[in-house]
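So the protein sequences, as listed, match chains A and B.
The first sequence begins at 12 in our numbering and counts up by one.
The second sequence begins at 13 in our numbering and counts up by one.
Note that these hints are calculated values from the structure, not bench results.
Hints are not guaranteed to be accurate.
Unchecked claim - 25 Å max Cα-Cα, derived SDA-like pairs, lysine to any residue:
(1) A/Lys90 with B/Lys61
(2) B/Lys111 with A/Glu80
(3) B/Lys111 with A/Ser134
(4) B/Lys67 with A/Pro136
(5) A/Lys90 with B/Lys75
(6) B/Lys61 with A/Glu80
(7) B/Lys61 with A/Ser134
(8) B/Lys67 with A/His49
(9) B/Lys67 with A/Ser117
(10) B/Lys75 with A/Arg15
(11) B/Lys67 with A/Cys82
(12) B/Lys150 with A/Cys82
(13) B/Lys150 with A/Glu116
(14) B/Lys54 with A/Ser117
(15) A/Lys90 with B/Tyr59
(16) B/Lys61 with A/Asp96
(17) B/Lys111 with A/Pro136
(18) B/Lys61 with A/Pro136
(19) B/Lys75 with A/Ser134
(20) B/Lys67 with A/Leu44
(21) B/Lys61 with A/Thr52
(22) A/Lys90 with B/Lys54
Residues per chain, in single letters:
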Amino acid sequence: MSCRIESIGTSLPLDGLSNGSVHHAVAAARECLALSEHPATDIDLVINAGVYRDEHISEPAMATFIQNELCINNDLNGKTTFSLDLINGAAGMLSAIEVIAAAIESNAAQVGLVVSSDSNPDSDPDPSYN
Amino acid sequence: MITYTYESALKHVEDNFNGQFAALTLGDSGAALILDGSPNDKYGFHYIKMATGSKWSDMCIAKPSEEESGRNDEYRFRPAPAPGGVVQAVPFYLEAMEKTGWTHDELDVFMPHQTSRRAITKFIDLAEEAIEQTFKTKFIFNLQKYGNTASTTYFVALRESILNGNIQPDQNMMFASVASGLQIGMSSYTMDDLPLRYRNYMTKGAIA
């Protein structure tokens with residue numbers, strides 16, 4: 012089975028302010044889910060392809076914070092969801108689609124969420140750092 | 013980067029209730045694997061399941077320290093939910109065994125993420141209680157030698173276990189993840205002739 016784009020959402024920098032990458036990812040995913048026929052609980056796999064990580068967090072995957080904010084099967088009870096980061100520069104979302112397409116094709120997943128967001132990782136940027 | 017984390021923690025940790033205690037075991041390493049198709053259904057991965065309990069995603073976070081120069085990592089670790097992660101792993105183990113079609117006697121090697129001996133021991137106690145038999149002799153530990161090498165622990169331990177003869181062809185293994193996120197995973201695997209090939213390469217000096 013091939014896979015398709017069922018819904019799309021974005022979070023845009025309309026006021027030029029940065030609220031962190033998780034904030035943008037969650038906002039985009041909320042719009043995406045609001046326009047989707049799938050409830051959040053349908054999602055089997057969350058892949059975050061964002062490159063810049065809030066507060067330069069190296070562990071855990073930023074996708075885990077995004078999954079938790081979106082309340083997607085986050086307590087390991089009943090249906091579960093797996094979240095991971097896949098970093099591949101500006102091609103990350105397409106690489107994530109490739110992974111989800113393979114998961115759908117092999118029946119390891121029925122519904123996937125690809126999310127990406129980039130924002131200044133420093134909540135309090137040093138003004139001398141350009 | 014990980015060694016910096018431990019160096020940073022050394023400056024702060026005074027007892028095992030300190031938030032950076034877990035960082036003291038972190039070590040640097042690298043690992044690489046080549047994967048290809050299994051020759052038949054007997055060998056290779058049989059079942060892989062990963063799930064994320066993101067409710068606990070802020071339980072264990074590695075990030076640059078606010079107190080240090082920016083070079084060092086602070087490794088925040090809240091010990092209270094850690095046993096929770098281990099508790100969550102037990103049903104995943106039982107499910108993996110059932111889906112693979114193995115009895116508990118048929119499992120030869122249990123390869124956990126090398127986090128802390130206390131967490132692994134807790135898992136063993138809970139799992140032994142659930143299956144009503146002993147299986148602590150099947151566990152691989154190398155924490156005392158290399159520390160917690162984060163993303164590479166399974167494969168640093170696998171290579172060494174192959175070389176010291178603790179893993180043999182035809183053995184049934186379970187790779188078990190309880191990692192920050194909270195990432196719980198179980199992967200059942202039957203070893204092919206890799207231990208023989210690998211030991212042969214090493215004997216011939218083909219690999220430094």
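For each hint, the structure was consulted:
1. The suggested pairing of A/Lys90 with B/Lys61 holds, with an alpha-carbon distance near 12 Å, which does not exceed 25 Å.
2. Taking the CA atoms of B/Lys111 and A/Glu80, the gap is about 31 Å. The hint is violated against a cut of 25 Å.
3. Of the supplied pair hints, the one linking B/Lys111 and A/Ser134 is violated, its CA atoms being roughly 45 Å apart against a limit of 25 Å.
4. With a C-alpha separation of about 29 Å, the suggested pairing of B/Lys67 with A/Pro136 is violated against the 25 Å cut-off.
5. The hinted pair formed by A/Lys90 and B/Lys75 fails the criterion: a straight-line CA distance of about 31 Å is larger than 25 Å.
6. Annotation: proposed proximity of B/Lys61 to A/Glu80 holds, straight-line Cα distance about 23 Å (limit 25 Å).
7. For the hint pairing B/Lys61 with A/Ser134, the CA-to-CA distance comes to about 35 Å; that exceeds 25 Å, so the pair is violated.
8. Simply put, B/Lys67 and A/His49 have alpha-carbon atoms about 21 Å apart, close enough for the 25 Å limit, and the pair holds.
9. Simply put, B/Lys67 and A/Ser117 have alpha-carbon atoms about 28 Å apart, too far for the 25 Å limit, and the pair is violated.
10. For a cut-off of 25 Å, the pair hint linking B/Lys75 to A/Arg15 is broken: about 36 Å separates their Cα positions.
11. A distance of roughly 8 Å separates the Cα atoms of B/Lys67 and A/Cys82; the hinted pair therefore holds under the 25 Å criterion.
12. Straight-line distance between C-alpha atoms of B/Lys150 and A/Cys82 comes to about 37 Å, which puts the hinted pair past the 25 Å bound.
13. Proximity of B/Lys150 to A/Glu116 is assessed by CA-CA distance (about 35 Å); at most 25 Å being required, the pair is judged violated.
14. A threshold of 25 Å between alpha carbons decides the hint, and for B/Lys54 with A/Ser117 the separation of about 20 Å falls inside it, so the pair holds.
15. The suggested pairing of A/Lys90 with B/Tyr59 holds, with an alpha-carbon distance near 17 Å, which does not exceed 25 Å.
16. Distance restraint check for B/Lys61 and A/Asp96: the Cα-Cα separation of roughly 17 Å lies within the 25 Å cut-off, and the hinted pair is therefore satisfied.
17. Distance hint between B/Lys111 and A/Pro136 is unfulfilled; the C-alpha atoms sit about 50 Å from each other, more than 25 Å.
18. As the CA atoms of B/Lys61 and A/Pro136 are separated by approximately 39 Å, the hinted pair breaks the 25 Å bound.
19. Of the pairs offered as hints, the one joining B/Lys75 and A/Ser134 holds, with about 13 Å between alpha carbons and a cut-off of 25 Å not exceeded.
20. Note on B/Lys67 and A/Leu44: the hinted pairing holds, with a Cα-Cα distance of about 20 Å set against a maximum of 25 Å.
21. Restraint check for B/Lys61 and A/Thr52: the C-alpha separation of about 18 Å stays at or below 25 Å, so the hint holds.
22. About 29 Å separates the Cα atoms of A/Lys90 and B/Lys54, which puts this hinted pair outside 25 Å; it is violated.
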